[in-house]
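Mind the numbering: the sequence shown is residues 1 to 555 in the working numbering, read in order.
If you are wondering where the hints come from, they were derived from the structure by calculation, not from laboratory data. If you're wondering where the values come from, they're calculated on a predicted model, not measured in any experiment. Don't take every hint at face value.
[Stated by the list, open to error] SDA-like cross-link-like pairs, simulated, lysine to any residue; straight-line CA separation at most 25 Å:
#1 390 x 349
#2 227 x 163
#3 528 x 516
#4 528 x 454
#5 543 x 531
#6 390 x 283
#7 543 x 554
#8 227 x 179
#9 543 x 451
[Said to hold, decoys possible] For each label pair, taking beta carbons as the anchor points, the in silico distance ranges come out as:
#10 491 x 41: 30 to 36 Å
#11 386 x 42: 33 to 39 Å
#12 153 x 224: 24 to 30 Å
#13 359 x 502: 36 to 42 Å
#14 373 x 88: 49 to 55 Å
All C-beta atoms, glycine included, are put in the ideal place defined by N, C-alpha and C.
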Amino acid sequence: MTDQTSSSIDAGDMAAETVSPGSSVDRMLALCVLLVLGAFAASLMNLVQVWMDSEEYGHGVIVPIISLYMYWLNREKISGQTVQPSWLALPLAVAGGLLHLLGVMADVDVAAYYGLLLSLAALPMAAGGWRLLNQAWYPLLLVLFVIPLPYLLSTLLTARMQLVSSDIGVAFIRLFGLPVMQDGNVLYMGDFSMLVEEACSGLRYMYPLVSIALIVAYFYRGPVWQKLLIVLSTIPITIGMNSLRIAVTGLIIRYWGSQAAEGFLHSFEGWIVFMLAFALLMLEIWVLTRLFPNGQSFTQRLEIVTPQQLAPVHVSRSPVARLMLTTAVIVAAGISAHVYSFVATDTIPERERFEQLPFVIDGREVFPDRLSSDVLSVLRPHDYFIGDYKRMQVQSPGELTGAEQTPLASAIPISLYLVYYEAQKEGSVLHSPRACLPGGGWEQRDGGTVALEALGGEGDANRVIISRNGRRMLVYYWIHQQGVNYADEFVARASLLWQSLTQGRTDGGLVRVIVPLPDEAVPAAERKVAEETAEEALRSFVKALIPSLPRFMPS
């Protein structure tokens with residue numbers, strides 16, 4: 001249908017247009033979307049590569065297609081109505097463009113992806129205001145769920161899912177009548193052990209199942225609370241089925257050996273688990289239909305809307321100026337980010353390697369250790385140190401000072417772990433002990449922060465007491481980035497963004513110091529005295545360590 005003047009628009013409106021959905025406004029909007037995607041091509045290609053390489057987000061390659069189909073079907077919501085282009089699209093476009101630009105400049109891919117999505121949301125706002133944005137928000141939401149989570153959040157979620165799946169997996173194994181012992185993410189069954197790795201956390205099932213649930217909820221003909229229930233139920237369904245998979249894997253190893261649980265059988269088992277999880281989701285919808293029929297059958301509840309002849313849409317005032325200006329702002333930010341990505345280089349400061357760490361600190365001699373290749377493949381550090389500092393001989397009380405006035409304090413070993421990244425990129429960033437220690441079976445019993453000023457440093461450090469099978473440890477740890485110490489990982493990550501923008505640096509390190517505490521079986525009064533002695537020894541060591549850190553973690 002050709003554009004024509006509509007007499008039904010209010011007299012205050014100028015140059016009102018009557019257009020059919022899919023005609024001039026939609027064509028102009030589609031052109032602007034293509035221009036934005038072209039300007040953001042580098043980030044878009046990175047995102048597609050993530051989808052291609054990731055088992056958790058592999059379904060992302062088809063989600064945009066489904067989102068476009070949803071947008072097309074959703075046009076009936078504005079059929080026969082008047083839409084008013086909004087200038088609010090401009091600040092939304094500026095926010096999206098700047099977020100994308102900052103994400104590229106700070107090398108935080110997730111921020112760049114969110115900026116792209118926010119920029120796309122600005123375009124329907126410019127073309128048809130809130131009514132047209134209302135048509136697009138759910139398809140954009142679906143795309144949001146295939147953008148990888150921020151690294152810190154993903155790490156914490158993965159660690160938590162590992163532990164929960166391990167706990168429930170142990171319960172399933174015991175239901176099968178087999179003996180099993182659990183130590184964090186390690187399961188012991190007789191003469192063999194099984195590690196529940198990050199890949200077995202269940203997220204590779206949860207993410208695609210959530211996307212499927214969002215699609216099902218969109219087409220589901222029922223009240224909002226039932227739609228929310230369908231989406232939220234994917235969490236317990238995924239955890240339960242992944243835990244069952246862990247238990248079945250343990251049984252396979254127990255009776256047929258570890259080789260039987262690897263390769264094709266392991267992958268095939270994963271597909272079975274996912275299909276069972278999907279079947280449970282469909283069963284849930286069937287139950288909802290039986291409990292709350294409302295005159296609808298199961299197939300009617302999930303009937304996909306078919307295209308139909310839609311009434312014309314009235315566009316109050318021409319959206320051309322708003323839409324093109326909004327697009328120009330976004331495209332300019334995309335081109336700027338593209339140019340910056342070509343000319344920018346990371347500034348890597350000079351430093352000494354940890355192998356030059358003092359052999360003696362606070363009168364203690366070093367006994368270095370090594371991390372396994374499996375751990376290093378996950379951490380991907382540029383440099384690290386791990387080892388114990390001990391006194392080989394207990395000195396006489398007259399030769400001891402400060403916290404080590406007793407032979408007991410001088411005999412306590414101090415474990416030191418240092419790690420440094422020249423540039424913190426996605427997948428090669430600091431791993432917080434908050435996420436790593438629980439995976440080894442350690443539970444946090446007490447937590448807080450301590451001021452490093454009293455120990456000759458600046459900022460704060462985390463102070464936690466962890467326990468496992470009656471053993472207890474006191475841990476001090478903090479993030480050291482460009483001369484500043486952080487106890488909060490999220491604050492440290494936010495500051496890294498600013499440092500990347502202003503200084504072109506994303507380097508940083510982690511300091512972790514551990515001292516053993518008396519076991520829980522020790523009488524309370526004796527344990528309290530020993531704990532105070534151990535912490536005094538730890539603080540004395542940290543006070544002697546801090547002055548040497550700038551050589552290895554430059555400010």
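Taking the earlier hints as the rules, which of them does this structure contradict?
The structure conflicts with hints 1, 2, 6 and 8, although it agrees with all the remaining ones.
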